[in-house]
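Peer 1: Sequence:
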Amino acid sequence: MMKVQIPSGVTVSVSGETITVKGSLGENKRAFNSALLKVSVEGAEVAIMPTQEKALQKKAALSEVSVAKEISNDIRGVTAYFEIKMQSIHAHFPLTTEVKGSELLLKNMIGERAARVAKIAGGTKIEIKGQNLRLYGTKLDDVTQTAANIRKASKIRKKDERIFQDGIYYALEE
1 MMKVQIPSGV TVSVSGETIT VKGSLGENKR AFNSALLKVS VEGAEVAIMP
51 TQEKALQKKA ALSEVSVAKE ISNDIRGVTA YFEIKMQSIH AHFPLTTEVK
101 GSELLLKNMI GERAARVAKI AGGTKIEIKG QNLRLYGTKL DDVTQTAANI
151 RKASKIRKKD ERIFQDGIYY ALEE
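Read in this note's numbering, the sequence shown has 46 at position 46, and its numbers run on one by one without any break.
Note that these hints are calculated values from the structure, not bench results. Note that the structure is predicted; figures quoted are calculated from it, not measured. We put the beta carbon where it would ideally sit given N, CA and C, even for glycine. Treat the hints loosely; a few may be bogus.
List time: in silico DSS-like cross-link candidates among lysine-lysine, alpha-carbon distance up to 27 Å [to be verified]:
id: 1; residue 1: LYS125; residue 2: LYS85
id: 2; residue 1: LYS129; residue 2: LYS155
id: 3; residue 1: LYS107; residue 2: LYS152
id: 4; residue 1: LYS22; residue 2: LYS119
id: 5; residue 1: LYS125; residue 2: LYS29
id: 6; residue 1: LYS69; residue 2: LYS29
id: 7; residue 1: LYS129; residue 2: LYS119
id: 8; residue 1: LYS152; residue 2: LYS85
id: 9; residue 1: LYS58; residue 2: LYS69
id: 10; residue 1: LYS107; residue 2: LYS158
id: 11; residue 1: LYS69; residue 2: LYS59
id: 12; residue 1: LYS69; residue 2: LYS107
id: 13; residue 1: LYS59; residue 2: LYS3
id: 14; residue 1: LYS152; residue 2: LYS100
id: 15; residue 1: LYS125; residue 2: LYS22
id: 16; residue 1: LYS69; residue 2: LYS3
id: 17; residue 1: LYS119; residue 2: LYS107
id: 18; residue 1: LYS3; residue 2: LYS29
id: 19; residue 1: LYS155; residue 2: LYS125
id: 20; residue 1: LYS152; residue 2: LYS129
id: 21; residue 1: LYS69; residue 2: LYS38
id: 22; residue 1: LYS152; residue 2: LYS119
id: 23; residue 1: LYS100; residue 2: LYS58
id: 24; residue 1: LYS22; residue 2: LYS69
id: 25; residue 1: LYS29; residue 2: LYS119
id: 26; residue 1: LYS38; residue 2: LYS3
id: 27; residue 1: LYS59; residue 2: LYS38
id: 28; residue 1: LYS155; residue 2: LYS119
id: 29; residue 1: LYS38; residue 2: LYS85
id: 30; residue 1: LYS85; residue 2: LYS155
id: 31; residue 1: LYS69; residue 2: LYS155
id: 32; residue 1: LYS85; residue 2: LYS22
id: 33; residue 1: LYS58; residue 2: LYS3
id: 34; residue 1: LYS125; residue 2: LYS158
id: 35; residue 1: LYS100; residue 2: LYS69
id: 36; residue 1: LYS158; residue 2: LYS119
id: 37; residue 1: LYS38; residue 2: LYS58
Okay, the calculated beta carbon distance ranges per label pair [as the list claims (entries may be wrong)]:
id: 38; residue 1: HIS90; residue 2: GLY16; range: 42 to 50 Å
id: 39; residue 1: THR96; residue 2: ARG157; range: 17 to 25 Å
id: 40; residue 1: ALA148; residue 2: ASN108; range: 20 to 28 Å
Make the full structure from the sequences, and use the hints.
Peer 2: Here is the structure:
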């Protein structure tokens, strides 16, 4: 049996196979498998325990740890944003970025006429200041998936990557 502490200012509720975490920055919902786990809120803790079926015990033990970590990530996300910093680099053609709805447009990538498109996952928000991009949101899965989508969209194919180094990369922390 695993327990996750609920800090003050955060509420956690369980209904059916969905866990809802609400905090000052928003809310996160997460599904779990009720055949493997029983999840309940007991005071200021979330209790996660495997069901009693023998055939599923190993799978339930792994799932128990995963769900506990996901709940703690959701709690952290609604109290302080998850953040990734990226930077656009160009040597040949000036690369411009623009957010349009749930997509990030990469314009003039190595001189291409059509803009490349990266999907923004979930409730991730993107701030663009010059060449710097700041991705932030309450759900870790969505923020990291958005960063991966941007990297994939900015990858240059069928050219020597030692020469054509244009693209959007993860920024180094100071």
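Peer 1: Please work out if LYS38 and LYS58 have their alpha carbons no farther apart than 27 Å.
Peer 2: holds, 15 Å
Peer 1: Check the hint pairing LYS85 with LYS22 against an upper bound of 27 Å on the C-alpha distance.
Peer 2: holds, 25 Å
Peer 1: Hint check: LYS58 vs LYS3, CA-CA at most 27 Å. Holds or violated?
Peer 2: holds, 19 Å
Peer 1: Does LYS29 sit within 27 Å of LYS69, going by the straight-line distance between their CA atoms?
Peer 2: holds, 14 Å
Peer 1: Next pair to validate is LYS29 with LYS119; report whether the Cα-Cα distance is within 27 Å.
Peer 2: holds, 20 Å
Peer 1: Take a quick look at whether LYS129 and LYS155 sit within 27 Å of each other, Cα to Cα.
Peer 2: holds, 21 Å
Peer 1: For the pair we were handed, LYS152 and LYS85, check the Cα-Cα distance against 27 Å.
Peer 2: With Cα atoms ~16 Å apart, LYS152 and LYS85 stay inside 27 Å; holds.
Peer 1: Quick one, are LYS100 and LYS58 close enough, alpha carbons at most 27 Å?
Peer 2: violated, 45 Å
Peer 1: Sort out whether LYS119 lies within 27 Å of LYS155, counting only the CA atoms.
Peer 2: holds, 14 Å
Peer 1: Would the hint linking LYS38 and LYS3 be met if the CA-CA limit is 27 Å?
Peer 2: holds, 12 Å
Peer 1: Please work out if LYS152 and LYS129 have their alpha carbons no farther apart than 27 Å.
Peer 2: Satisfied, since the Cα-Cα distance of roughly 21 Å is no more than 27 Å.
Peer 1: Holds or violated: LYS69 with LYS59, Cα cutoff 27 Å?
Peer 2: holds, 16 Å
Against the hints set out earlier in the document, violations occur for numbers 12, 23, 29, 31, 34, 35.
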